[in-house]
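**Q** Generate the whole structure from the sequences, applying the supplied hints.
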Amino acid sequence: MKYIAEIGEHEYLIDVAEPEGSIFRVTMDGVTWEVDYLRISDRCYSLLVDGTSYEVDIIKSVSPYTVGVRGEVHDVELLTEREKRRKAITGQVAAGREGRQVIAAPMPSKVVRLLVGVGDQVNAGDGVIVVEAMKMENELRSAGPGTVREIKVKEGEAVGGGHLLVVIE
Amino acid sequence: MKYIAEIGEHEYLIDVAEPEGSIFRVTMDGVTWEVDYLRISDRCYSLLVDGTSYEVDIIKSVSPYTVGVRGEVHDVELLTEREKRRKAITGQVAAGREGRQVIAAPMPSKVVRLLVGVGDQVNAGDGVIVVEAMKMENELRSAGPGTVREIKVKEGEAVGGGHLLVVIE
Amino acid sequence: MFRKILIANRGEIALRVIRACREMGIGTVAIYSDADRSALYVRKADEAYHVGPSPSAESYLRVDRILDVARQSEAEAIHPGYGFLAENPTFAEACEQAGLVFIGPSSETLSLCGSKTASRRLAKQVGVPTVPGTDQNLRDEEILQRAQEIGFPLLIKAAAGGGGKGMRIVGEEVELQSAIRAARSEGLSSFGDDAIFVEKYLTRPRHIEMQILADAAGNTVYLGERECSLQRRHQKVVEEAPSPFMTPDLRRQMGEAAVALAKGCRYQNAGTAEFLVDADRNFYFLEINARLQVEHPVTELTTGIDLVKSQIRIAGGESLGFRQEEIQRRGHAIECRIYAEDPTNRFAPFPGKITLYRPPGAPGIRDDSGVYEGFEVPMYYDPLISKLVAWGKDRPEALSRMRQALQDYLIAGIKTTVSFLCEVMSDPRFVAGDMDTTFIDTFLQQEDRGEPRHRDVAVVAAAIHAYLTERERKPAATPVSGGVAGSEWRLAARQQGLRRGW
Amino acid sequence: MFRKILIANRGEIALRVIRACREMGIGTVAIYSDADRSALYVRKADEAYHVGPSPSAESYLRVDRILDVARQSEAEAIHPGYGFLAENPTFAEACEQAGLVFIGPSSETLSLCGSKTASRRLAKQVGVPTVPGTDQNLRDEEILQRAQEIGFPLLIKAAAGGGGKGMRIVGEEVELQSAIRAARSEGLSSFGDDAIFVEKYLTRPRHIEMQILADAAGNTVYLGERECSLQRRHQKVVEEAPSPFMTPDLRRQMGEAAVALAKGCRYQNAGTAEFLVDADRNFYFLEINARLQVEHPVTELTTGIDLVKSQIRIAGGESLGFRQEEIQRRGHAIECRIYAEDPTNRFAPFPGKITLYRPPGAPGIRDDSGVYEGFEVPMYYDPLISKLVAWGKDRPEALSRMRQALQDYLIAGIKTTVSFLCEVMSDPRFVAGDMDTTFIDTFLQQEDRGEPRHRDVAVVAAAIHAYLTERERKPAATPVSGGVAGSEWRLAARQQGLRRGW
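Protein chains in written order, with the numbering used here: chain A, 4 to 172; chain B, 4 to 172; chain C, -5 to 496; chain D, -5 to 496.
Hints were generated in silico from the structure; no laboratory data involved. None of these values were measured; they are calculated from a predicted model. We put the CB at the ideal spot given by N, CA and C, even for glycine. Incorrect hints may have been included.
[Stated by the list, open to error] Quick list of in silico lysine-lysine cross-link-like pairs, DSS-like style, CA-CA up to 25 Å:
| # | chain 1 | residue 1 | chain 2 | residue 2 |
| --- | --- | --- | --- | --- |
| 1 | B | K87 | D | K110 |
| 2 | B | K113 | B | K87 |
| 3 | C | K387 | D | K387 |
| 4 | D | K110 | D | K230 |
| 5 | D | K230 | B | K63 |
| 6 | A | K63 | C | K110 |
| 7 | B | K138 | B | K5 |
| 8 | D | K230 | B | K138 |
| 9 | D | K468 | B | K113 |
| 10 | D | K347 | C | K(-2) |
| 11 | A | K90 | A | K157 |
[Claimed, not checked] Using C-beta positions, here's what the derived DEER-type ranges look like:
| # | chain 1 | residue 1 | chain 2 | residue 2 | range |
| --- | --- | --- | --- | --- | --- |
| 12 | A | L117 | D | E466 | 41 to 49 Å |
| 13 | A | T83 | D | K468 | 36 to 44 Å |
| 14 | A | S44 | C | A112 | 35 to 43 Å |
[What the hints assert, rightly or not] Here are some of the chain D residues that sit facing chain A, going by a computed Cβ distance under 8 Å:
| # | residue |
| --- | --- |
| 15 | R(-3) |
| 16 | A24 |
| 17 | A39 |
| 18 | R65 |
| 19 | S67 |
| 20 | G368 |
**A** This is the structure we're talking about:
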């Protein structure tokens, strides 16, 4: 199975061969790693690589994967070649639609104040909406210029994490 | 849903009504318990009964259930009426076959010595087979008199927990 | 002793009090809001009662409902924890009137400690220094005169000010006139009030506090200090005992000051006197926290005294049972507060469901946590989810244990401050014990946080996981081995087959 | 200090050593057999190498393979843990010859401590009492004479005996002649040898041991005793420090005896002198355990000294760094050994897969465990899976904490001794500190273990669980609420709907 891995600004070509028993051979940019693996639970692995022992936790189990290893946390985007092509196209489309922005609640919270109305012009950095969680207010800002197209919530409303709040185009 | 519960020498008639929201009404020998329940995980519940809080762990999830509550561990056999009838019949059959005994490995272990051969007569308390685990030998004995019908293992063999060792009739 | 105690709080501190009660054989009554039905402390209490919807104002701050539950459950005393109603004189009084013992100081003492003016007056009476200055409105001439007495640098503050507005630091006398004008004008434009006052400006002070215990007979002792200089938004993030800055002499002085303050307000139960300490080891009293502190475990680990059980015993009328000179401190303890906050997004709160939870455990490690795997951290309350505490025979040992414990602490599903605390624990200034209240802000401005070392392994692991996940989706394919599940015999056989013999 | 240490052991003690090394910044090399590929310590080590099949003789006892791994991984020292090769002079010597530091005493010292005769000789040399008697074959007249010297009660033992056969307790002189005849005859018929000897019989002695530390320069200190009288099949099950039976004077005497023994055999590193103590507080040396003891945590918690790190420092050539009079003990610590054994079936070993695992955590609680949820406890090794340790400012506090911790400890899938230990902790004789080496056998003969209190709740819970399990099997039915999963908003709404308003 071939993947393109993106981590920070780094990109790797990955080839995972069918495992033999407990041994995976993973080729990464031409270098082959021989990994003795053991699945401890759904989300935890014990990996032995040339004797070096790694306990690895898959903190987020869909791409971009979040991987914990020896106290470090890494976000790893893994794409098949087809997904990579699709992403490139989508990226172009998104770029073409210039600044369509969806502002979502970063965590479960309560809408404290709407700072804009439908039709308002906003610039990059302008405050759009204020949400509150754990007694802290959090002002969500526009990443770029645009016009407020939709407001999906009311003041005082409680929303879950990821809930759509405002659409700006 | 109606059950017959057996715990130690005690037997109870149980009726579990369909829950309303988080409230279960469970009738036990005519007395109705109102239980505010919350499932914490597959095997763990928080129960509030008239304000008293119980954290309950279902240690074994098939009947007889093993239930942990406030440091106590209880084995609870739960049968529907049909299962109860079936068990009564099976029990009679088993009793009718008088002393058919299956000796199984109580835990993963190694067979150290066979103390009997096929066709041997044994009495209650006679040693039948010696198994070893964690450097301790464990002699398994016959619960009643009979003749050794089958020996399913060899000396030196490693067996899993529950593995059939010897059949005595 | 009490037969039953109601805990008027939630989260880790409710659990902490429950544990103390269980050890003492005292029954526990928990209260919970809608959001906390699934909380760990509700399961661990002997009894638990619902007191209202999720917002605190409708549940944990509802004195009437809490007293109803106390009556209904026949509790004899109420432990308020910290926060919520812990320092509320009205609540303490309501308990007293309902015939319940409030585990804390009297309502009169709470009132005094809650008033900045009364506290300063108390300090003056018992001869404990406060930050020199005045909170009264002053005329320009008065300010010029007071500035001479206080000395420079000093602070000009708008009386109605806040959040840094209407505040001017004055380094030398020549700057004074213009600073007065600026502060008055900013006060007027921002708050509609040009009243100002002066206060001594402490350059990079340390925040050090002193724990005291006082019984009903007036026996009052200090248990040593806690260094709490590491703060963000006036919220403590790391505390330790003893302070690396402390000297035996200063400890005695500050301890005796704390005892004098406590005696001066007829303090009963556990309390903490907070001080600022400048680079010359002058200390200035700030206020008394008239309750159990969040960071009480570092004192427990160094003195061996259980503060919660002491609180309950004192409230039950028992005497302290030990004298000042019998208190022995040993070793060093550090506490890291684990908050549900996103360090990569200006520490925005991050409630949500904990999908993986693996707390550390090792010699010297204590984790006062209120959460578990599967728990939904509510958005309504303080983001503190756990207090990780490490004890060592000295500061380096405590630090090395804390570093390992933080590295082992796995919390997924929400963002937490674990990785941020990991970095703080390795900061050279922190390791040297060189900190003050500006430490965290300075630390956060540093860009260089070191290169990750295990990026490659993370990529390989992600690839293996993706491969296996894909295979599971197509169950027709050859089964993939390597799971823990299944008989160990098979595992052994497989591995033997794979390895070349020795 | 060493850069890398190989740990020639498995389970909880391997993990314990790994943690000490991590704190010291020393790299760790683990070894594992087939059965231990999935063990926790393998994941927590920096490196891990396979050394053979599951049986110890083919893996953890294979000196050649272990030294190969040490060379391959460039380890500089070997920590042997306890058991396996820990007290094997051949292994220690092989390490020395391979240029590796063996973290323990020299091979000569190990040889001496491993010989009962040499140990008794050493004790005589340094003037430490042993159980009076002789292990030589004696003629009848000699026995009559020695019996007078030793006093009654005494023990006649067949030299070739064992397991109680050929052994007679003699209470008074008149019984002596017939006892001699019986012992000789039983010896002859059972072992084909009528040689016998005499030994003083100690009525219900206590087993108390003394921890020592000795550095390369010969600085030797004692860290206080451990009470280890609670044993089953000569296996310790509960240990504590200090002993409830100890007096300051006896402690000093036994401590000085332990130091004299250690100096007498040029002991280096951590070691333990084991003694029997009779009701009159006479003590008799048994043997030196020339390694880290399983029960070392109770000494660590009372002295504040990390014994594993001390071992490593001493092996690295560092001096102790403290003198006898600087050692301060504080409070009380108790250890309960959690074995994978079935207390309802004569404590038969019970290996298998751990399906649920929830270790306790609370102030004063330390859990030295080597397992996790999902781990298959192998059948090949010692059944010890965890050591639960409680510290308190005094014995009652330590005990109350231990009771709560045991009650909170959930291990499912295998049988363990947790519930048995729970009962021991509440036994009136144990609570009173009145124990000796016969305690556990006596305890097990008691019938009355108290009525369960929560049988009804268990039945109700099982019924609810069965109901829900049945419902899940028929997904067409109305969905049943009550799960933690899902949005908390829904949860809140549901509960509000259900409750009558306040």
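**Q** Hints the structure violates: just list their numbers, smallest first.
**A** 1, 2, 5, 6, 7, 9, 10, 11, 14, 15 and 18
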